[in-house]
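S.K.: Take a look at the letters that make up each chain.
Number of protein chains: 2
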Amino acid sequence: MTRAYLGLGANLGDREASIRGALARLDATPGIRVVRQSTLRETEPVGGPPQGPYLNGVAEIDTTLPAYALLALCKACERDAGRDFDAERNAPRPLDLDVLLFGDERIDTRDLVVPHPRMHERSFVAQPLAELGVALPPAPTFPRVVHAPDEFTALAIEWTRGDCRTGLVPTMGALHEGHVSLMRRARRECDRVAATIFVNPLQFDQSADLEAYPRDLDRDLAICRDAGVDAVFAPAPASMYPEAFASHVAVGSEAEGMEGAVRAGHFAGVATVVAKLFVVARADRAYFGEKDAQQLAVVRRLAIDLGVGTEIVGCPIVRESDGLAMSSRNARLGPRDRAASTVLHRALRVARDAFREGERSAAALVASARAQLDTEPLCATEYLELRHERTLASLGDDALPDTGARMLVAARFDTDSACETRLIDNMSLAGD
Amino acid sequence: MTRAYLGLGANLGDREASIRGALARLDATPGIRVVRQSTLRETEPVGGPPQGPYLNGVAEIDTTLPAYALLALCKACERDAGRDFDAERNAPRPLDLDVLLFGDERIDTRDLVVPHPRMHERSFVAQPLAELGVALPPAPTFPRVVHAPDEFTALAIEWTRGDCRTGLVPTMGALHEGHVSLMRRARRECDRVAATIFVNPLQFDQSADLEAYPRDLDRDLAICRDAGVDAVFAPAPASMYPEAFASHVAVGSEAEGMEGAVRAGHFAGVATVVAKLFVVARADRAYFGEKDAQQLAVVRRLAIDLGVGTEIVGCPIVRESDGLAMSSRNARLGPRDRAASTVLHRALRVARDAFREGERSAAALVASARAQLDTEPLCATEYLELRHERTLASLGDDALPDTGARMLVAARFDTDSACETRLIDNMSLAGD
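These protein sequence lines are chains A and B, in that order. Residue numbering for the first sequence is 92 to 523, as defined by my numbering. Residue numbering for the second sequence is 92 to 523, as defined by my numbering.
Worth flagging that the hints you see were computed from the coordinates, not collected in a lab. Backbone N, C-alpha and C define an ideal beta-carbon position, used for all residues, glycine too. Hints should not be assumed to be uniformly reliable.
[Unchecked claim] Some chain A residues near chain B, calculated using beta-carbon distances under 8 Å:
no., residue
1, Y159
2, T232
3, V236
4, T251
5, A337
6, V342
7, G398
[What the hints assert, rightly or not] For each label pair, taking beta carbons as the anchor points, the in silico distance ranges come out as:
no., chain 1, residue 1, chain 2, residue 2, range
8, A, C510, B, R306, 54 to 64 Å
9, A, D317, B, D254, 33 to 43 Å
10, A, E133, B, R111, 42 to 52 Å
11, B, E212, A, M92, 34 to 44 Å
12, B, R306, A, D317, 55 to 65 Å
[To be verified] Not the full set, but computed from the structure, chain B residues with beta-carbon under 8 Å of chain A:
no., residue
13, C255
14, Q297
15, V342
16, I408
Isolated chain A (complex conformation) (with noise of 0.2 Å):
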């Protein structure tokens, strides 16, 4: 036997009898019996379209159903009483059931949310519990943190038993507009949203370039609160490498040339944090942003190799007014290096531009960059390549298809840099 609280609402018809109405059949329906009601009161609708102030109060029941069963009888009394589930969000409404409190259950479903998750900013319910005397559990936080990874998988398992479509949206922390638009994305697209925040010492070759990265948890914790994150995963390196970790994930040729060429060991790091992450958060999907191509092209290769069931959904770059693509390596440039840094958006731009002007050799392409690149003298360039759109394998020197390719660079700034960076950029060249 649980002892649950449902809101009681109605701004339609007869309010008072709907809701009595709605009471007497739950009463009479098995497994639930009514204890007692708080007086219902007139309160001012809460957005929606101009409706006319709605009779609110709180139910007292005592169930031996499941809560999902009681949200169900809760949505049958609503149809029955007229309730147009189809209408605009705040619509008015003749009657309106919800599941507050389960006993001392906290359930997270795509349907059902309880403590009920606004429960602590409306009067309307808050105040007819305070009449019986039920004092409001604590108001939850959000991003809900997690820090161990079968406590993660444990938060995975009851989304899905939530019915809930999830998105995974991985960083290493240092979080900037680029990462805020993969956890928007994900946020429109699925019922609930984790973020997970690991600086994965597998993936830097330098140990320097490990310990200046950025790391600011509350900041980052903000900011994913702002996006509508649910829940921030945010191990400690020792548990996910715990002692006598002695396992790898490697990838195929995605992993060769250019960053993989440049950084040793780098792409091995990644896949097998991400690979991980994958196994760690069963998600159905995970948000990529595409400046890391190569990271995305060994990501989609790993995902489908293993078979995580996870779909990779890479992401538009976000770019500075002024080009330079987000990262959060760039707050490390002096004000020189800074203003040097848009010369690779710049030789991207060149290329495109000649391409959509009817360029197909490859050579002239990537000449027409390079000689845009040669203009800045601060910036050291490591490689600049046109490869295969999506896969990113080599294309030869043969002239390009119409559907175009992809353009990557890489580059050193040390001018006045607090360290020496490495920027990358990339574009499609037939792309938007």
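Based on the hints, put chain B in the right spot on chain A.
M.R.: For chain B alone, kept in the frame of chain A given last:
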């Protein structure tokens, strides 16, 4: 609105009043309308203690509730009618309501399976349905056979959503009593059991061995059915390793020496396929035989490292009556090799007996087993080693602790076998 059918039964108290009362209460429940019902008929109880006859029938209902809510309401009716849910299986009961059909839905959860899986065997259900003019859906076939990895993941997610604890038994087919012991244990400990049958090409270093490996899916499926397996995942190699497959998973010291030394690339292949099976299956527990002790150590390492969330359960070796460890390869042995093969078990027992009698010198224990192996001229020993009981780490030459160690042996037999046959065996010196 869904049309559903409920099985009705009672064999305690006023049977007809209980059934009619429950239907009246369901008809008054929000979201449910009882459309019609069959006649009620007397039937003999199935199983259980001596008890009076049942009154049985079927009700047709229309409902806007989901199936699980309908199930919860049926349970509430049973509870209110005085049913004792702690009573033994098939005990007499004042009310028994079953969800038989729920529209066209196929539901497979821990608490609810629809269409009801034993509907076809039970005339007290089938006859009332026929009276109402309802055609029975095709009887389900067991085990369910799944070939595509993503279909297997979808089944795993369905089971997880249905709150099922799931067990996985990975095999290469050619099933014998050793496999059956794993399946039966999984059946006892889990709500749903999946076996995998996949002869993994990655883990064979000899293509002749791969081709010679016995394959008989129909025979294996019959064995799975008898062992209570719910689903069999039997992928084609091309669906596990599609074109452009490029990933591999490697583990550390567990894969070194012994089988890892004799069979080049074997454990890299094992780790890759097991990782993929774990990722695809998302099981709560996976069952492996201790015969492949080094494989078990590799799998434990990999499961921890990748954080698959699957508990690895090692199960005792099943032996023939003369001590030979069960193996799919035993069938290849000619009669003389078969007789000679028992020396492996004898040698391990000699060492175990010496350990039990107080011998703690690793060298002396190995020598005692070696001497026994040397009595059998048809046995070509490949290795004989003492390793850490569980991790199989090397022990050095020191005296053993009283907690013991594991002795592992591998040998070839080729006197009258169909082809050269390698056998492995092992034993815990301190174990049972």
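S.K.: Each hint should be assessed against the structure and marked as holding or not.
M.R.: Consistency of the hints with the structure:
1. Y159: At about 7 Å, which falls below the 8 Å cut-off, the nearest Cβ of chain B leaves the hint on Y159(A) intact, so it holds.
2. T232: violated (25 Å)
3. V236: violated (18 Å)
4. T251: holds (5 Å)
5. A337: Where the cut-off is 8 Å and the nearest Cβ of chain B is about 2 Å from A337(A), the hint holds.
6. V342: At about 5 Å, which falls below the 8 Å cut-off, the nearest Cβ of chain B leaves the hint on V342(A) intact, so it holds.
7. G398: With Cβ-Cβ at 5 Å, under 8 Å, it holds.
8. C510(A) with R306(B): 54 to 64 Å: holds (59 Å)
9. D317(A) with D254(B): 33 to 43 Å: holds (35 Å)
10. E133(A) with R111(B): 42 to 52 Å: Once the Cβ atoms are compared, 43 Å apart, the range 42 to 52 Å for R111(B) and E133(A) holds.
11. E212(B) with M92(A): 34 to 44 Å: Taking Cβ atoms as reference, E212(B) and M92(A) lie about 36 Å apart, which means the hint holds.
12. R306(B) with D317(A): 55 to 65 Å: About 57 Å separates the Cβ atoms of R306(B) and D317(A), which means 55 to 65 Å holds.
13. C255: Interface hint status for C255(B): violated (10 Å vs cutoff 8 Å).
14. Q297: violated (24 Å)
15. V342: Holds. Min distance 5 Å.
16. I408: violated (26 Å)
Hints 2, 3, 13, 14, 16 from the list above are not met by this structure, while the remaining hints are.
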